[in-house]
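2 protein chains.
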Amino acid sequence: MVKVCIIGSGNVAQHLIAAFEAAEATELVQVFARDKSKVAHLVPEEKITSDLKNLVDADLYIISVTDGAIKEVSADLPFSGKCVAHTSGSVSIDVIDGKNRSAVFYPLQTFTKNKPVNFKEIPICIEAMHETDYALLTQAASAISGVVQTIDSSQRKALHVAAVFVCNFVNHLYAIGNDICRENQLDFDLLKPLIAETANKIRLLSPQQAQTGPAARNDTTTIDTHLAFLHDAQRKTLYETLTQSIIQHGKKL
Amino acid sequence: MVKVCIIGSGNVAQHLIAAFEAAEATELVQVFARDKSKVAHLVPEEKITSDLKNLVDADLYIISVTDGAIKEVSADLPFSGKCVAHTSGSVSIDVIDGKNRSAVFYPLQTFTKNKPVNFKEIPICIEAMHETDYALLTQAASAISGVVQTIDSSQRKALHVAAVFVCNFVNHLYAIGNDICRENQLDFDLLKPLIAETANKIRLLSPQQAQTGPAARNDTTTIDTHLAFLHDAQRKTLYETLTQSIIQHGKKL
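Keeping their order, the protein sequence lines are chains A and B.
For the first sequence, the numbering used here assigns the number 1 to the initial residue and increments by one for each residue that follows.
For the second sequence, the numbering used here assigns the number 1 to the initial residue and increments by one for each residue that follows.
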């Protein structure tokens, strides 16, 4: 059975810990957390260490810390020749110190503390510096997810940028919708079925097929009315930029 | 039983026709369609007319045509003193010719041809020029939806702008994610669980609580990497504008 050790106690680390604790095809042998209390609700105390020197033997070490700390943490590991993966979407595989076998174990999802996710549906994007490590990474990833994909560092960077568009930026548009509702004494709940259906539609249609609205039909009357309504300069700029982008995009098709 | 007549055969009209045909608390007495064949699959032929002069008696006439055509169609109606509603998010109640009792019957959803929607969850925003018509509009709206809300024309305009942000603009960001995937030999399906969870999250969290990503944590290293990756000028502008908006929004909280 694949022995996994998770190094980190942040948001992604906590979701991974919960997933590996529940998985049957792998054994979570240890968790490293500088502050043990952050993961105490997820694993038995004897599995937690706050000292890198006390790391036990494992087949796969997953470093799930902030992007900027991966390099240092991987250099501080007290062993060599092991498979060591990070979980970042935006950092190259080679930031991991070369004394170990560098790899990537990137779960493509938005994680929020205390909100459980269904890990089975979360794509895990794997990459290995050593060809022979793909079997190990696939085994570990398959233990928690039904979607495992080999993706190189340059593709992963592209995927991360795409994820920012479809997740972080999308959520910000929800925030603007929420603000507009609040300012006009409207319940944001009114927009929730629309939000759900918009996300739902692209399970069946391509985003191009699903595009509706004033910009898609070049309805300048409505666009002008909306721009006149938007007093906030930032929102006006957003509205204009997105509208122009939809119009240009339509022309390219 | 409330007798409803639908005037129009476009996208929204077709979804309304299907919903009213299935509803038990109302009777769909007639549909007006210039081209009868567009609605022939939805209602029996004897209920369809292509001549406004042949409109039969009803309690509520719902004009579901393009924004620009509402005024003319309402003026062409061969009767007066009846309750006549339009279904537009962006047009004022008073574009309906004053010879009838003007109203609004606005279903807040994104409709795509041939993709059925669950009308029960779609908010119907109603407005009436005559106070006594609210009972009628509520009765008709409740027959097809579980969410009926009285909303005046200025609130409806705000709601429509908000809807453009959370639906049309969001879908365009999906399109960009799709493009980035295609250009990098990545399957867009990889992003679908992320898209679903992003929409799902705000059922429980406010968009502010749900915000993640490089802009939210002011991670300039990742932001710069992403901007360097984006060669397309339009996308770069979008990325910068949305990132700035997230940063500014975070400061306001």
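Honestly, the hints are just simulated from the structure, not real lab data.
Warning: the hint list may mix true and false statements.
Stated by the list, open to error - Pulled from the structure, derived: some chain B residues nowhere near chain A, Cβ distances all over 12 Å:
no., residue
1, GLU21
2, LYS38
3, SER50
4, ASN54
5, PHE79
6, GLY89
7, GLU121
8, GLN149
9, ILE151
10, ALA158
11, ASP189
12, ARG203
13, ALA216
14, ASP232
Claimed, not checked - Below, computed lysine-lysine pairings styled on PhoX-like, alpha-carbon distance capped at 20 Å:
no., chain 1, residue 1, chain 2, residue 2
15, A, LYS47, A, LYS3
16, A, LYS120, A, LYS38
17, A, LYS251, B, LYS115
18, B, LYS252, A, LYS236
19, A, LYS236, B, LYS113
20, A, LYS115, A, LYS53
21, A, LYS120, B, LYS251
22, A, LYS236, B, LYS53
23, B, LYS36, B, LYS53
24, B, LYS120, A, LYS192
25, B, LYS99, B, LYS71
26, B, LYS115, B, LYS53
27, B, LYS115, A, LYS192
28, B, LYS71, B, LYS82
29, A, LYS252, B, LYS236
30, A, LYS192, B, LYS192
31, B, LYS71, B, LYS53
32, A, LYS115, B, LYS251
33, B, LYS36, B, LYS99
What the hints assert, rightly or not - DEER-style ranges, computed between Cβ atoms:
no., chain 1, residue 1, chain 2, residue 2, range
34, A, LYS236, B, LYS71, 26 to 34 Å
35, A, PRO44, B, ASN114, 48 to 56 Å
36, A, TYR134, B, ALA69, 53 to 61 Å
37, A, LYS71, B, LEU227, 16 to 24 Å
38, B, THR150, A, SER154, 51 to 59 Å
All residues carry an ideal CB built from backbone N, CA and C; glycine is no exception.
query = Beyond 12 Å from every Cβ of chain A: is that where the Cβ of SER50/B lies?
reply = holds (24 Å)
>> Between the alpha carbons of LYS120/B and LYS192/A, is the straight-line distance 20 Å or under?
In response: holds (13 Å)
Q | Verdict on ALA158/B as a residue remote from chain A, using beta-carbon distances over 12 Å | A | violated (4 Å)
Compare the distance between the alpha carbons of LYS252/B and LYS236/A with 20 Å, and conclude whether the hinted pair is satisfied.
-> holds (17 Å)
20 Å limit on alpha-carbon distance, applied to hinted pair LYS36/B and LYS99/B: Roughly 27 Å between the alpha carbons, so the hint for LYS36/B and LYS99/B is violated.
Over 12 Å to the closest beta carbon of chain A is the bar; see if ASN54/B clears it.
holds (30 Å)
*Taking 12 Å as the cut and beta carbons as the points, is LYS38/B off the interface with chain A?*
holds (18 Å)
Quick one: work out the minimum CB distance from GLU121/B to chain A and report holds if it exceeds 12 Å, violated otherwise.
violated (5 Å)
The hint says 16 to 24 Å between LYS71/A and LEU227/B; measuring C-beta to C-beta, is that right?
Cβ of LYS71/A to Cβ of LEU227/B: about 22 Å, so the range 16 to 24 Å holds.
> Does ASP232/B sit more than 12 Å from chain A, CB to CB?
Replying inline: violated (10 Å)
>> So if I understand the rule, the pair passes when the alpha-carbon distance is 20 Å or less; does LYS115/B with LYS192/A pass?
In response: holds (18 Å)
field: Check on GLU21/B being off the interface with chain A, judged by Cβ distance over 12 Å
entry: Holds: least Cβ distance 21 Å, greater than 12 Å.
Violated hints for the displayed structure, listed by number in ascending order: 6, 7, 8, 9, 10, 11, 12, 13, 14, 16, 17, 19, 20, 21, 22, 26, 32, 33.
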